[in-house]
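Participant: Got chain A sorted already, so can you dock chain B onto it with the hints?
Heads up: the sequence lines are chains A and B, in that order. Everything in the first sequence is counted per the working numbering, starting at 8 for the first residue and increasing by one. Everything in the second sequence is counted per the working numbering, starting at 4 for the first residue and increasing by one.
Pair ranges (Cβ atoms, derived): (1) Glu-243/B x Leu-256/A: 49 to 55 Å; (2) Gly-134/B x Val-241/A: 43 to 49 Å; (3) Arg-12/A x Ala-25/B: 41 to 47 Å; (4) Ala-118/B x Ala-34/A: 34 to 40 Å; (5) Gly-134/B x Phe-37/A: 47 to 53 Å; (6) Ala-118/B x Pro-218/A: 45 to 51 Å; (7) Gly-84/A x Lys-21/B: 17 to 23 Å.
Because the hints were derived from the structure by calculation, they are not lab data. The beta carbon of each residue, even a glycine, is placed where N, CA and C say it ideally should be.
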Amino acid sequence: MRGLRGAARLQFQIVRADRGYLNEILANPFFAIIFLGIVRAAGRRDLTAYAVVAPVLITLWGMALEISGDIVDSDRGVGILEGVVATPVGFPTVVSGRVLAVTLLSGVAIVETWLVARIGFGVDITVHHPWALLATVVVTGLAAAGTAVIMAGVFVLARTAKTFQNSLNYPIFLLAGVIVPLSFLPGWLRPVGRVLFLSWSADLLRESLAPAAMVDLIPRLGIIVALGAAGLVVGRVVMHVVLTRVRILGTLSFE
Amino acid sequence: MADWAVEADDLGRVFEVKKRPAVVALSGVSLRVAPGEVHGLLGPNGAGKTTLVKILSTVLLPSAGGARVMGHDVVAETAAVRPLIGIVIGGDRGLYGRLTARQNLAYWAALYRLAPADGRERSEALLARVGLADRGDDRVQSYSRGMRQRLHLARGLINDPQVLFLDEPSTGMDPVAAREFRAIVRELAAEGRTVFLTTHDMAEAEAVCDRVTLIDRGQVLATESPTALSRLASRNERIECAGAGDGVLERVGALAGVERVTVTAESARIHLETEAAVGEVMRWLVAAGVTSVRVTRPSLEEVYLDMVGDRGMGV
Numbered sequence: 008m009r010g011l012r013g014a015a016r017l018q019f020q021i022v023r024a025d026r027g028y029l030n031e032i033l034a035n036p037f038f039a040i041i042f043l044g045i046v047r048a049a050g051r052r053d054l055t056a057y058a059v060v061a062p063v064l065i066t067l068w069g070m071a072l073e074i075s076g077d078i079v080d081s082d083r084g085v086g087i088l089e090g091v092v093a094t095p096v097g098f099p100t101v102v103s104g105r106v107l108a109v110t111l112l113s114g115v116a117i118v119e120t121w122l123v124a125r126i127g128f129g130v131d132i133t134v135h136h137p138w139a140l141l142a143t144v145v146v147t148g149l150a151a152a153g154t155a156v157i158m159a160g161v162f163v164l165a166r167t168a169k170t171f172q173n174s175l176n177y178p179i180f181l182l183a184g185v186i187v188p189l190s191f192l193p194g195w196l197r198p199v200g201r202v203l204f205l206s207w208s209a210d211l212l213r214e215s216l217a218p219a220a221m222v223d224l225i226p227r228l229g230i231i232v233a234l235g236a237a238g239l240v241v242g243r244v245v246m247h248v249v250l251t252r253v254r255i256l257g258t259l260s261f262e
Numbered sequence: 004m005a006d007w008a009v010e011a012d013d014l015g016r017v018f019e020v021k022k023r024p025a026v027v028a029l030s031g032v033s034l035r036v037a038p039g040e041v042h043g044l045l046g047p048n049g050a051g052k053t054t055l056v057k058i059l060s061t062v063l064l065p066s067a068g069g070a071r072v073m074g075h076d077v078v079a080e081t082a083a084v085r086p087l088i089g090i091v092i093g094g095d096r097g098l099y100g101r102l103t104a105r106q107n108l109a110y111w112a113a114l115y116r117l118a119p120a121d122g123r124e125r126s127e128a129l130l131a132r133v134g135l136a137d138r139g140d141d142r143v144q145s146y147s148r149g150m151r152q153r154l155h156l157a158r159g160l161i162n163d164p165q166v167l168f169l170d171e172p173s174t175g176m177d178p179v180a181a182r183e184f185r186a187i188v189r190e191l192a193a194e195g196r197t198v199f200l201t202t203h204d205m206a207e208a209e210a211v212c213d214r215v216t217l218i219d220r221g222q223v224l225a226t227e228s229p230t231a232l233s234r235l236a237s238r239n240e241r242i243e244c245a246g247a248g249d250g251v252l253e254r255v256g257a258l259a260g261v262e263r264v265t266v267t268a269e270s271a272r273i274h275l276e277t278e279a280a281v282g283e284v285m286r287w288l289v290a291a292g293v294t295s296v297r298v299t300r301p302s303l304e305e306v307y308l309d310m311v312g313d314r315g316m317g318v
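Looking at chain A on its own, in the form it has when it is part of the complex (with noise of 0.2 Å):
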């Protein structure tokens, strides 16, 4: 917990000293303004919730996404990720904290997303059950920092992370029904999207603004602990494959 602690303080840190780490969170704003402004054209109000949870798992997962890779891209540029890696807490802990602290920061995007369709489009955003709002956020962050570590180590094995993080992006959110709902993709495609913890983070975040009552929350959020922590045992067998074949190669750093 030592590692996790201090590589998640580390992330708080070089945010605060850097704030090209807040891109994520300053696009927002655009975001809910084009998917509320594409639910108001359409005259479906209905779909208000998709576009406003949309633009905050848009904003957790890019955080998520571009933390990983820049993590595994600077550190090697820099030369810290040798020494990380030699290390007794190892580099999946590493990934796993700093991924922790920016997708908690990315819930100022309920934030902005809330005052946008409040000043932008004049509708009031209730949150009827604020404790699993609140709880989805939390469990969804945890869910991402597992989830990064499989990422991270696929970056590791690459020159660049920029290329995987850039592809990876928007599959991921029509797959998970972030966009638009699971029930509009093909019927052979929906169990993809129910693997993706993304799918019960957006159901659970789009019921949250509902005001009836919510129906099997724990279990709900249990599936999002769950899947996080598969990722997360896949990433460390995937972390530990790759830093060994590139302890082979040599090519943990690049000089």
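Facilitator: Chain B only, in chain A's frame:
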């Protein structure tokens, strides 16, 4: 306690390069470093020094042979090796420039599972030790290269390691900082730590190393104390003198037991075939009024050039 702090047996490392012949970085490297020893690894660029340090510090895997640190295998027992070692590789790199020295050290302390309070205490002690206590809250990017290297050394010591690997640690330091660095290395050895350092700096190796391994093209040429290495290069004494005229040097050169006389702008060096000739040559020089005279052995630099060869900028 392990008999040896560092052991390497027939260690080899080959780098496969696409569409090019494989590069042999290390071949049949065997060495032993005793606990508490300051061991220097000396060699030209591309000799395999950094590769060896990376293998010993679990960053790289060897292609052949094996190595142990404090008795633990660096391949099979990385979890046992890592808490015991500190590594300073990459010169002044390896730090977060936008963060302060204290923030950097706090992070590394966490990666070695130090409790926050212990990490802070250790960081303060190390910052004081490397002379950065007053600049500990400044961003590292505002530091000079020498300051970053000192902080890097502090980072390598954050976990109180038993074995410290230093890869070219004083490159870029000014002479004063380099002298302070050498003093710290001697202190670390006095505390019972093993220090394994690579360097190009002969004066540094002579000043701080108990033993030196000369390495070239991935192979160990010799492992000895700096003094013993000097004897390896030349078993005979030399006499250096200043102020001797050409006539005096000519007569000295003709004495029995004198191999040759080499003259530079400031001094002359008389190479002797036998140790017995020292007295006779000294008497001759003093009688000729030459008062600046001393008996010397080859410096480590001369040994290095003798064994590795002077290949200029080539690697």
